[in-house]
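Undergrad: Quick mapping for you: the protein sequence lines, in order, are chains E and B.
First residue of the first sequence: -17, per our numbering; consecutive thereafter.
First residue of the second sequence: 158, per our numbering; consecutive thereafter.
The hints are simulated quantities; they were obtained by calculation from the structure and are not laboratory data.
Owing to the predicted nature of the structure, the values given are computational and were not obtained by experimental measurement.
The reader is advised that the hints may include incorrect statements.
Computed list of lysine-lysine pairs in DSS-like fashion (alpha-carbon distance at most 25 Å, straight line) [stated by the list, open to error]:
id, chain 1, residue 1, chain 2, residue 2
1, E, LYS441, B, LYS259
2, B, LYS259, E, LYS442
3, B, LYS497, E, LYS618
4, E, LYS614, B, LYS401
5, E, LYS703, E, LYS260
6, E, LYS680, B, LYS401
7, E, LYS441, B, LYS631
8, B, LYS634, E, LYS34
9, E, LYS31, B, LYS497
10, E, LYS260, E, LYS481
Here are a few chain B residues that sit away from chain E, every Cβ distance over 12 Å (derived from the structure) [claimed, not checked]:
id, residue
11, LYS211
12, ASP288
13, VAL326
14, ILE376
15, ASP419
16, LYS450
17, PRO452
18, ASP468
19, GLY483
20, ASP504
21, GLN516
22, ALA551
23, LYS613
24, PRO617
Glycine included, every Cβ here is placed at the ideal spot set by N, Cα and C.
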Amino acid sequence: MVAVFAAAFFPAPVRAAAAADEEGLKFFHDRIEPVLQRECYECHSSQAKKLKAGLHLDSKAGMLAGGESGAALAPGDGQSLILQALRHENNLEMPPDRPQLAPDIIADFEQWVKRGAPDSRVDAPPPPLDPKRDPAQARLTFWAFQPVKKPELPAVKDAGWAAGNPIDRFVLAKLEEHGLKPAPAASRTELVRRVYLDVTGLPPSPEEVQAFLADSAPDAYEKLVNRLLANPHYGEQMARDWLDVVRYAESEGFEYDRHLPEAWRFRDYVINAFNRDKPFDRFLTEQLAGDEIAPGDPECEAAAVFHRLGTVRRNAGNLEIAVSRNEVLIERTDLIRASMLGLTMGCARCHDHKFDPILQKDYYRLQAYLSETQENDILLVSAEEKKDGETRTKAITDQMRKVRKAKDAAEGEEKKKLDGELDALEDQLPPYPATIPGIKDDPAQRTEIHVLKRGDWEKKGDLVAPRPPSVLVSDDLPELPADTPNPRAQLAKWLTDPKHPLTPRVAVNRIWQHHFGAGLVRTTNDFGQNGERPSHPELLDWLAYQFVASGWSQKAVHRAILLSNTYRQSSQNEQAEAAANADPENRLVWHVARRRLAAEEIRDSMLAISGQLNAKIGGPSVMIPVDPDLTKFLYKPSQWSVTKDQAEFNRRSIYLMAKRNLHLPFMETFDQPDLLSSCGRRESSTHAPQALEMMNGKLANDEATALAARLTREAGADHGKVVDRAYWLVTGRAPTTEERRLSLAYLQDQPLKEFALVMFNLNAFLYAP
Amino acid sequence: MHPDAHEHARLTRTRREFLRDACCGFGGLAFAAMLNAQSLRGAPAVVANPLAPKLPPLPAKAKSVIFLFMAGGPSHVETFDPKPLLNELSGQPRPKEFGEAKYQFIQSTAKLLGTKRTFKKYGQSGIEVSDLFPRLGANCADEMAVIRSCYGNSVVHSAAQYELFSGRVVPGAPSMGSWITYGLGSESDSLPSYVVMPDPDGALPGGQPMYSQGFLPAIYQPTMFRPTAKPVLNLDLPPGVSLKERREALDLLHHLNETARDAHDEEFSARMNAYDLAFRMQTEAPEVLDLSKEPQETLDLYGVGVEPTNDYGRRCLMARKLVEKGVRFVCVVSGGGSGKLTWDGHDDIEENHLRMASQTDQPMAGLLQDLKRRGLLDSTLVLWGGEFGRSPEAESGKGRDHHNLGFSMWLAGGGVKGGQVVGATDAIGLQAIDRPYHLRDVHTTILNQLGLDQNKLTYPHLGRNERLTFVEGKVIKEIV
């Protein structure tokens, strides 16, 4: 970038002079070139074993083009990077790990640059162009940047298995190519449990299982799928995935970890969007630019909370606001890249991407779409109501102060009484006026976006304006004006173009991952060079094509997958040994592997099975009682203000407060992500603290106690009936003879609560079949 | 596990190979059994126990790390970096030739503040230590390598604490404890591999994310020891349940799982192993955590049982017992709760540092002495320091503000050449001028002592192979 700038700034005369500068060329040959050869070529030339920083110093072109830190040389400029590095300025030290070169050598280089950097290496080869790093070339060749094409259905041998659903044709073709067969169909008992858990995150009740088993209609399963997709718990279950991707949390992190009390409206927005099958292009647009496309519309305002979900450092003291602003813009733009574009560009913050054809300039151009985006707290009550609330708050807190004073002086009973008074007063405090943490464009406060050298805020390079990444648009597309109106709506429009090669592919891949545990591209947030190649490129395109053709309907994609024979395979395949050797990671989907339930699913399922679940949908987040050791380590322990209504404690996990500096231990142990950066794919670990949590933890034991009570209530004292009921409730099937025998023997002299706890620890409970 | 993360977590190919690795190849199963190679509904391919001890790729001197974290930022000019000129210039504005500094609170017009501390040369090496740490000086000076030229990028607690632990000024990157556990696994099968012992006084600005595994798998998360008699969560049986009853319940669980087991599903076996390990932790870990059987002489060495050293002494002693059992990384935090209860001496540096040092001097000296006499100091790297130092200028008359441009840390044991001072700040302690070492360089040095290569210990995250040292750090060659 600097090179381009410099070339424009020092036009022809410098070069002409350099060409004619015989003395300068001799100077170069005698004093400069030998030093370059001796000190630099080892790492920065075509002969380098391992080229460092992408920098070639063995040709003038290479020096001008520069490497990761920008141009090494700007003829005539005494601040050229190569000089800074030789002088050990700005944390640059070259050659590295060696004493600084002698002062007279450095002086030679300064003199050489000053006279225009004459260079006698006429035959020097230009630095080779890496096709991986050339946007124009990658646009034509790299799979993920090619337009989505409607693929032909491949031919298969076992046409019967793949007759009903194109998905099966693509999967079967690959299996046959590798000499593998699909697994047999899962039993109906397994299937009903799998599809309930996948689609709603809750297990089927025994009655629901039995109803399905009793339905002999040929379309019984299809009806079930349709019913589940229409179930409001579908939205809760699918919202979980998206909330992970957008690192949803309701507090700002860093020391204050300030709460955003109305951020739950975003969570509800997402749940509703899934339940109503809001077209996905609209879904993205409202999150990116809800405030621009429909100002004042509550739904769009809630959607745009998207931009406020990141961490924010709010410090006192005399620190530069611009630094925090830069941090926020980086965080917000990185999220858009990972969640929507599926093209992480982290490296390009500091230099042109090493592996991807992403220019450093592209990184900042995307950021420029947010240059006018500022916080906009939207008051949900009228100004009078707000004022009234403040007046009442003041009156009550004044009163509390007096009582506290009296309490300090009081003792014994009197002190207790005053404590009670304080609690009563606190209860009377009006709630903080509801405020949506929204955003708006504020042209007056637009941040100038510069390319930052090495990503360093203090090293500003060229000014840039909004433009999509070069790899996805034609070379002659100009930047938008920096003050273009509704910049985020324009970004959304580009992202949701039906012809966009990435957006639909990235979206359907996330849906595939939901049902099979791994995407067709397993790096769901990264479709770039560093990401994986798809296991079934044609299938991915078919899904993406259908997705856009269906009007961006996510439910349509879910339905197609759920109705496929691929999805309905058993977890067991008789060729398992051979298949596992050929394809140990099940990339070809030769069976549907069991999956361990996610943290939320385990908790929600225990609540549902014990009969304690409060299935209410939506509303403010719940703070459940936690170990005082946890709140003690908050900046302000009072931030964790336990929800008053105890019935709320048994809400589904998606409604539990997502606080960055206080993770619920149960959730964390079962791999809930850290809420700090986009999580496209959860880990599923197996370790001893999970066993401790499930055997000794409070939640598991509370729910086991409730389940024991339910079993007594519903099955009485007859152990045979208790065991049957327990298996139906917890695993969705009857116990086998052996299971019944073992259980009955145990119950002869062991407590029912411990039996209930064992049930929650069964693999048959913790895994979806 | 991330599909690209093969460098440190090899996928096992066959069931036979899996069994060999799980049961024999790594010398038995460790604390956290296994991690499924696939997230959620993946294939039955299994990664052999990711916490099994791994041989470091490079020659290693240390096996464990104890970080004595002085939260809030101890003053370098009051501890290990004597500045006579600062006393001479006390009350005057900073002379221009020393350059500029940006502070969080005080303005550029602030006046320099001398120190009341006196320094003494200790040991054969003659390292200067202030009268805040008489025991440390008298007993341990020759073990310590004091780096007087540390610097970092942030002058704000939270950001600086994130940088101290993870090399980044924003939360979300893994802490050094998690990286090290990721690189080396754990040598203990009944204890967690990465332990943080927070100060019972309460929270720090960096909060929970400071210690966390960030984008690494949850298996590398820290175990926070609670400041109670039962430090590890869920290690105790629920009320009213006897150990015998629990054994019966676990037996039933085993039998029921076994009858329904699919012979091809290794993860089921892994999960059943996790229950066995949990049971073992439950019975063995409390012994390690129990200090009541320690000889009186040891308790006295750490200052356990007397104030003001009791609390930090207990935690330092527990740290020794943990590394003895193969725990990889232990962080013992001094300071928590409101700023005044940390080393954050804004108002009165005298009062603050006298109080904080009186709680920690004897426990730290006791720890180093105890490690040494047990032959553990050679394999245990001890790191001392805070997220930054403090300003040469006064704040509110007799306090000092945060200061990140030059401050002191020290390392001992773990192959570090003790008895030396490395680097220097200028004559008033403002900037690191001789051989400045960034926090990243400290990280690099720690990895180096553990036999880990900063460039190879990577994990792919959002399109970049991330590492603890972010871009790159230097080994502090003088001390290794």
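Undergrad: Now, for every hint given, state plainly whether the structure supports it.
TA: Results for each hint:
1. E:LYS441 - B:LYS259: holds (17 Å)
2. B:LYS259 - E:LYS442: holds (20 Å)
3. B:LYS497 - E:LYS618: Judged against 25 Å, a Cα distance of about 15 Å means the pair holds.
4. E:LYS614 - B:LYS401: violated (34 Å)
5. E:LYS703 - E:LYS260: violated (45 Å)
6. E:LYS680 - B:LYS401: holds (20 Å)
7. E:LYS441 - B:LYS631: holds (23 Å)
8. B:LYS634 - E:LYS34: Satisfied, since the Cα-Cα distance of roughly 23 Å is no more than 25 Å.
9. E:LYS31 - B:LYS497: violated (54 Å)
10. E:LYS260 - E:LYS481: holds (19 Å)
11. LYS211: holds (17 Å)
12. ASP288: holds (31 Å)
13. VAL326: Its Cβ does come within 12 Å of chain E, the nearest being 8 Å, so this is violated.
14. ILE376: violated (5 Å)
15. ASP419: violated (6 Å)
16. LYS450: Label holds. Min Cβ-Cβ 24 Å, cutoff 12 Å.
17. PRO452: Holds: least Cβ distance 30 Å, greater than 12 Å.
18. ASP468: With a cut-off of 12 Å, B:ASP468 remains clear of chain E, as the shortest Cβ separation is near 15 Å.
19. GLY483: For B:GLY483, whose nearest Cβ neighbour in chain E is about 15 Å away, the distance exceeds 12 Å, so it holds.
20. ASP504: Given a closest Cβ separation of 15 Å, the condition holds.
21. GLN516: It holds; B:GLN516 is separated from chain E by about 19 Å at its closest Cβ, greater than 12 Å.
22. ALA551: B:ALA551 is indeed farther than 12 Å from all Cβ atoms of chain E, at 16 Å.
23. LYS613: Correct as stated: the minimum Cβ-Cβ distance to chain E is 14 Å, above 12 Å.
24. PRO617: Not fine: 7 Å to the nearest Cβ puts B:PRO617 too close to chain E.
The structure is inconsistent with the numbered hints 4, 5, 9, 13, 14, 15, 24, although it conforms to all the rest.
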